Amino acid sequence: MNSGDTAWLLTSSALVLLMTPALAFFYGGMVRRKNLLSTIMMSFGILCMVSVLWVLYGYTMAFGPDVKGLVGNLSWFGLAGVGQDPSAVYAVTVPHLAFVAFQATFAIITVALWTGAVVERIKFGALLAFAALWFTLVYCPIAHWVWGSGGWLAQLGALDFAGGTVVHVNAGVSALALALVLGPRMGFKEGEAMEPNNIPYVVLGAALLWFGWFGFNAGSALTAGGLAANAFVTTNTSAAAAGFIWMILGWIHRRPSVLGAATGAVVGLVAITPAAGYVPVWAAIPIGAIGSLISYYMMVWRSKSSGVDESLDVFACHGMGGTWGALATGIFATTAVNASSSGLIDGNWKQVLIQIAAIAATMAYAFVVSWLLAKALKATMGLRVKEEEESVGLDISQHGENAYGGV
Amino acid sequence: MKKIEAIIRPEKLDAVKDALVSIGILGMTMTHVSGRGRQKGIALQWRAGEYRVDFLPKVKIEIVLADEDCQGALDTICDAARTGREGDGMIFVLPVENAIRVRTSDCGEGCMNGK
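Here the protein sequences line up with chains A and B, keeping their order. Mapping of the first sequence onto my numbering: position 356 corresponds to residue 356, and the numbering continues sequentially without gaps. Mapping of the second sequence onto my numbering: position 106 corresponds to residue 106, and the numbering continues sequentially without gaps.
Honestly, I wouldn't trust all of these hints.
Unchecked claim - Derived DSBU-like pairs: lysine-lysine, alpha-carbon spacing no greater than 35 Å straight-line:
id, chain 1, residue 1, chain 2, residue 2
1, A, K34, B, K40
2, A, K68, A, K189
3, A, K375, A, K304
4, A, K34, B, K60
5, A, K304, B, K17
6, B, K17, A, K386
Hints were generated in silico from the structure; no laboratory data involved. Please read these numbers as outputs of a predicted model, since none were measured by experiment.
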């Protein structure tokens with residue numbers, strides 16, 4: 001047991017936990033004012049629900065003893081046998097419960113991420129039902145594949161430092177599937193302006209995400225040493241490079257938009273996530289910059305040409321940013337940073353193929369299962385609010401509250 | 001008695017208020033409103049690309065005064081609020097049945113602007 005590692009991992013857990021309320025503000029600022037509380041509540045409700053599901057059965061499904069490389073068995077149900085002593089296989093220098101806490105915060109934010117696709121029209125009950133099913137049938141298995149002891153993608157040698165495939169590709173692709181089943185917001189096809197109600201909230205959310213992301217990536221070293229420092233600096237560099245490039249892209253098009261710069265920084269954080277503890281600091285600049293270009297043009301295409309109302313572009317930001325990041329990990333990983341892994345710049349071109357396999361498997365599984373779950377819920381409890389409730393806004397119709405009340 | 005509803009550019013509010021005060025019109029109410037006319041909308045930046053907003057922010061000033069003071073106030077507002085470009089706004093004049101000062105319960109023209 002190492003007290004420095006333990007202190008860092010518990011601190012990181014708190015940092016990552018903050019990212020979910022940060023996401024609530026990031027998304028909340030971008031919707032119309034009648035849906036601000038509803039959008040915030042999606043992330044906050046998921047924070048509460050998934051925290052409980054995680055200690056009940058999520059942790060053992062993701063990290064419990066392996067069943068054929070696909071999922072953990074239920075022997076750690078309710079955290080049975082998981083206590084203050086270190087685990088034999090995960091984060092062996094800290095209490096097992098510290099690792100449980102750290103991983104809980106990842107599960108929570110991954111579930112909250114795809115809510116950006118369905119804002120302003122989904123029933124809150126349907127959202128929670130989908131979230132619980134998706135957490136159980138999509139998040140826990142994929143986390144096991146990549147990070148679980150014996151998981152099949154881990155055995156294959158896939159590199160994912162802090163969640164490029166598990167968190168971002170997974171959430172981005174699932175967001176797309178759910179948005180396709182749910183359908184567009186009223187007025188979307190008619191080109192009605194969907195004005196963001198509070199861009200300062202978006203910037204506040206992005207800034208808190210950036211702050212929390214140091215726990216996400218540097219915490220994923222699971223030790224308080226050089227590797228954490230490497231992940232910390234690559235994280236900041238990639239976010240900054242991506243935010244800067246997005247600002248320039250907006251400027252070339254018209255103006256350097258604040259909403260754009262905040263979005264770009266988040267995309268840079270997404271892109272560096274799988275790579276942060278495998279690549280040298282210089283590589284964070286192309287990783288962030290190229291991630292920004294890919295997401296920007298995907299977003300332009302999605303909003304202008306695709307006809308798909310994936311409202312807050314979870315697929316463009318997280319799906320595409322995560323895909324590029326996972327691929328870039330295979331390109332820029334080097335033993336000079338992390339002795340356990342090498343990529344194309346070390347001459348190990350096979351790593352790129354392994355990364356592609358991990359991305360493809362995650363995309364296929366997440367898309368298909370999310371689509372089926374959404375279809376099943378649509379046929380049973382229904383996914384959308386009534387037209388009248390949608391036009392009044394979800395704050396009033398789903399939660400009975402106003403974001404800005406009083407005089 | 002007449003009521004003037006002047007919808008003007010927000011950046012002209014101070015100029016119009018100062019001009020009205022300088023001719024003795026002290027009481028007015030202002031509201032933030034959104035409107036459109038020949039100026040049409042503007043394009044704003046979304047995360048990537050842009051979207052159009054058809055209603056632009058304006059300020060509405062409401063003033064109630066005696067009939068004979070009305071024309072002077074209208075001229076003053078027009079002079080102070082004009083830029084010569086589309087979007088300078090509109091002014092409407094309506095008849096008013098009565099006016100009451102809450103503090104004293106005084107009614108009619110006696111409690112009007114400039115009296």
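Hint-by-hint comparison with the structure:
Taken as a hint, the K34 of chain A and K40 of chain B pair is honoured in the structure, with Cα atoms around 25 Å apart against an allowance of 35 Å. Taken as a hint, the K68 of chain A and K189 of chain A pair is broken in the structure, with Cα atoms around 46 Å apart against an allowance of 35 Å. For the proposed pair K375 of chain A and K304 of chain A, the alpha carbon gap of about 26 Å is at most 35 Å, so the pair holds. For the hint pairing K34 of chain A with K60 of chain B, the CA-to-CA distance comes to about 24 Å; that is within 35 Å, so the pair holds.
Our distance criterion of 35 Å between C-alpha atoms is broken by K304 of chain A and K17 of chain B, whose separation comes to about 44 Å. The hinted pair formed by K17 of chain B and K386 of chain A fails the criterion: a straight-line CA distance of about 46 Å is larger than 35 Å.
Checked against the numbered hints above, the structure breaks hints 2, 5 and 6 and satisfies the rest.
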